[in-house]
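Q: Sequence:
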Amino acid sequence: MEYNQPQKLAPIALLRVFSRVLRALVGNLWPVLLVYFFQINRREDADGNPVILYVAYGVLAITVISGIIRYLTFRWSIDDDALIIRHGVFRKVDLRIPFERIQAIDLQQPWYYQIGNAARFVVDTAGSKSKEAEIWALRLPEAEKLRSYIHERKADVGVDSEGEPSVAAEPKPIKTWVKVDIGTLVKIGLLRNHFRSIAAFIGGGFYLYSQLQDVFETEEVNREIEQIYSVVPKVMSAYVIIGTLVILAAVTFSILLTIFRFYGFNLIEKEGAFVARYGLTSVKTRQLKERKVQIMRTEQGPVFKWAKIMRFKIEQAYAEKVQNRDDFSIPGSPQAEVLSFHKRLFGLLPKMIHPGTSFKWFWFRMTRVGILPILPFVALAYFLVNPTYYWALLWFPYQAFYSYFLWRNQGIAIDDHVLSVRRQVIFEKRATLELQRVQAVQITQSIFQRRNKLATLKIETAGGSVSLPFLPIETATRLTNYLLYKSETAKLDWM
Numbered sequence: 001m002e003y004n005q006p007q008k009l010a011p012i013a014l015l016r017v018f019s020r021v022l023r024a025l026v027g028n029l030w031p032v033l034l035v036y037f038f039q040i041n042r043r044e045d046a047d048g049n050p051v052i053l054y055v056a057y058g059v060l061a062i063t064v065i066s067g068i069i070r071y072l073t074f075r076w077s078i079d080d081d082a083l084i085i086r087h088g089v090f091r092k093v094d095l096r097i098p099f100e101r102i103q104a105i106d107l108q109q110p111w112y113y114q115i116g117n118a119a120r121f122v123v124d125t126a127g128s129k130s131k132e133a134e135i136w137a138l139r140l141p142e143a144e145k146l147r148s149y150i151h152e153r154k155a156d157v158g159v160d161s162e163g164e165p166s167v168a169a170e171p172k173p174i175k176t177w178v179k180v181d182i183g184t185l186v187k188i189g190l191l192r193n194h195f196r197s198i199a200a201f202i203g204g205g206f207y208l209y210s211q212l213q214d215v216f217e218t219e220e221v222n223r224e225i226e227q228i229y230s231v232v233p234k235v236m237s238a239y240v241i242i243g244t245l246v247i248l249a250a251v252t253f254s255i256l257l258t259i260f261r262f263y264g265f266n267l268i269e270k271e272g273a274f275v276a277r278y279g280l281t282s283v284k285t286r287q288l289k290e291r292k293v294q295i296m297r298t299e300q301g302p303v304f305k306w307a308k309i310m311r312f313k314i315e316q317a318y319a320e321k322v323q324n325r326d327d328f329s330i331p332g333s334p335q336a337e338v339l340s341f342h343k344r345l346f347g348l349l350p351k352m353i354h355p356g357t358s359f360k361w362f363w364f365r366m367t368r369v370g371i372l373p374i375l376p377f378v379a380l381a382y383f384l385v386n387p388t389y390y391w392a393l394l395w396f397p398y399q400a401f402y403s404y405f406l407w408r409n410q411g412i413a414i415d416d417h418v419l420s421v422r423r424q425v426i427f428e429k430r431a432t433l434e435l436q437r438v439q440a441v442q443i444t445q446s447i448f449q450r451r452n453k454l455a456t457l458k459i460e461t462a463g464g465s466v467s468l469p470f471l472p473i474e475t476a477t478r479l480t481n482y483l484l485y486k487s488e489t490a491k492l493d494w495m
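Each step along the sequence shown adds one to the number in the UniProt record's numbering, with nothing skipped, and position 74 is 74.
I should point out that these hints are in silico values taken from the structure, not numbers from a laboratory. Quick caveat, the model's predicted, so the values are computed rather than measured. There's no promise every hint is true.
As the list claims (entries may be wrong) - Computed cross-link-like contacts, EDC-like style, restricted to lysine to aspartate or glutamate with a CA-CA straight-line distance of at most 16 Å: (1) K351 / D416; (2) K486 / E460; (3) K453 / E474; (4) K351 / D415; (5) K308 / E337; (6) K308 / D181; (7) K154 / D81; (8) K175 / E337; (9) K175 / E290.
Can you build the whole structure from these sequences, using the hints too?
A: Rendered as structure tokens:
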């Protein structure tokens, strides 16, 4: 293929373009749609008024015309050592992405892309913020060929340390590090936090009930409810049955969502990169070079520990740290495989010790989080002579328990190559990074800390940061000097 010549999109891109235009139009016209549906709910006479039909036809026409224009004007090519993307008529976009700025290339396949054997070609760049550069649709073999071509060209210009001759001479076998079967996904969906799903179902139930009040008030439904009341007490039937149904619905929804999003999750090491492929209806393929790994975070609560499941997340290099929906993470994986992958990245860790955080941090946190929030409730209970507000005092022992164990269970492990930080109360959270990834170390001191010769240490990398609160100023200074020394003496290209 002549990459230096402008190339078109795969025909399946029309569906994606239409959906994007339609979402944008509906997002702008939602007030009109709400007014129309409220009229229908109130049974106002909407017959004979063709305005809504004209609006629908107009939206459809704009969607089709705009989608075709975007499809026909989209072109991509390769110029020297950069990917060129151009599209648009009224609002022209001319994007040039140098290969050395490309962090990763992901191939994503929604269900309708799988039918057409196509994929979205998504490029993570060092300067991307809310969205990445993207070729909307390529045929899958063409997308894989283009990704390999870009990686080869990056190696030619000296960005990658591996060269083609060494790869050809010593091909490394594909190594599978993490593989999540459907049984593990069911456990994850069953054991994860369901409070958000339950709240969503309760809110949706109240909205549905408000829209269908007339139906619930019919005599037939009332007779059915009376039969239930005759078997189960009224309070039990109203709250226990509905509550049970809501919990079952939330758990089922969580299990299905987990399976649909992470079905067939497989993390392999191939040709010097880690590749993760997952998804049922929308298949995603994410690729990450080992040198782009900045921080690996793991999290495990008591329930997941019992089930031998561990959550992990890899933070990679970004010029500007932003929230990325497609972060290199999964809500749970087999514990043994995650620990094995962790050992592959960082080796054996030294023994975890307490970082020396002052116990004054406990009193500082208790004042800020445990005492100040309950003072308004105590004042209300006193001035209104209403003892109900005194229930807020339970917040104090809870925060005392939480703050004490948060202080006691802190840990740090450090040697000549690796730093690992632990925070644990109910959930055990760890963040591990190589010392050569450190880009900056920030020492901050509040007025309280300055008076007590304490400081909070924030260690920043290209992908995230970790903090050590309320260290003695001497310890913080020595640790800062050591980390900066290890970083400055390491010749590392993290971009």
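Q: Each hint needs a verdict: does it hold in this structure or not?
A: Right, here's what the structure says about each hint:
Between K351 and D416 the CA atoms are separated by roughly 13 Å; this keeps the pair inside 16 Å, and the hint holds. Under the criterion of a C-alpha separation no larger than 16 Å, the hint pairing K486 with E460 is consistent with the structure, at around 14 Å. The suggested pairing of K453 with E474 holds, with an alpha-carbon distance near 8 Å, which does not exceed 16 Å. Between the alpha carbons of K351 and D415 the distance comes to roughly 10 Å, so the proposed pair stays at or under 16 Å and holds.
For the suggested pair K308 and E337, the alpha carbons sit about 10 Å apart, so the restraint of at most 16 Å is met. Between the alpha carbons of K308 and D181 the distance comes to roughly 14 Å, so the proposed pair stays at or under 16 Å and holds. A C-alpha spacing of about 8 Å is found between K154 and D81, which places the hinted pair at or below 16 Å, so the restraint holds. The hinted pair formed by K175 and E337 meets the criterion: a straight-line CA distance of about 12 Å does not exceed 16 Å.
In summary, the hint linking K175 to E290 is supported, as the alpha carbons are separated by about 14 Å, within the 16 Å threshold.
Hint compliance for this structure: no hint is broken.
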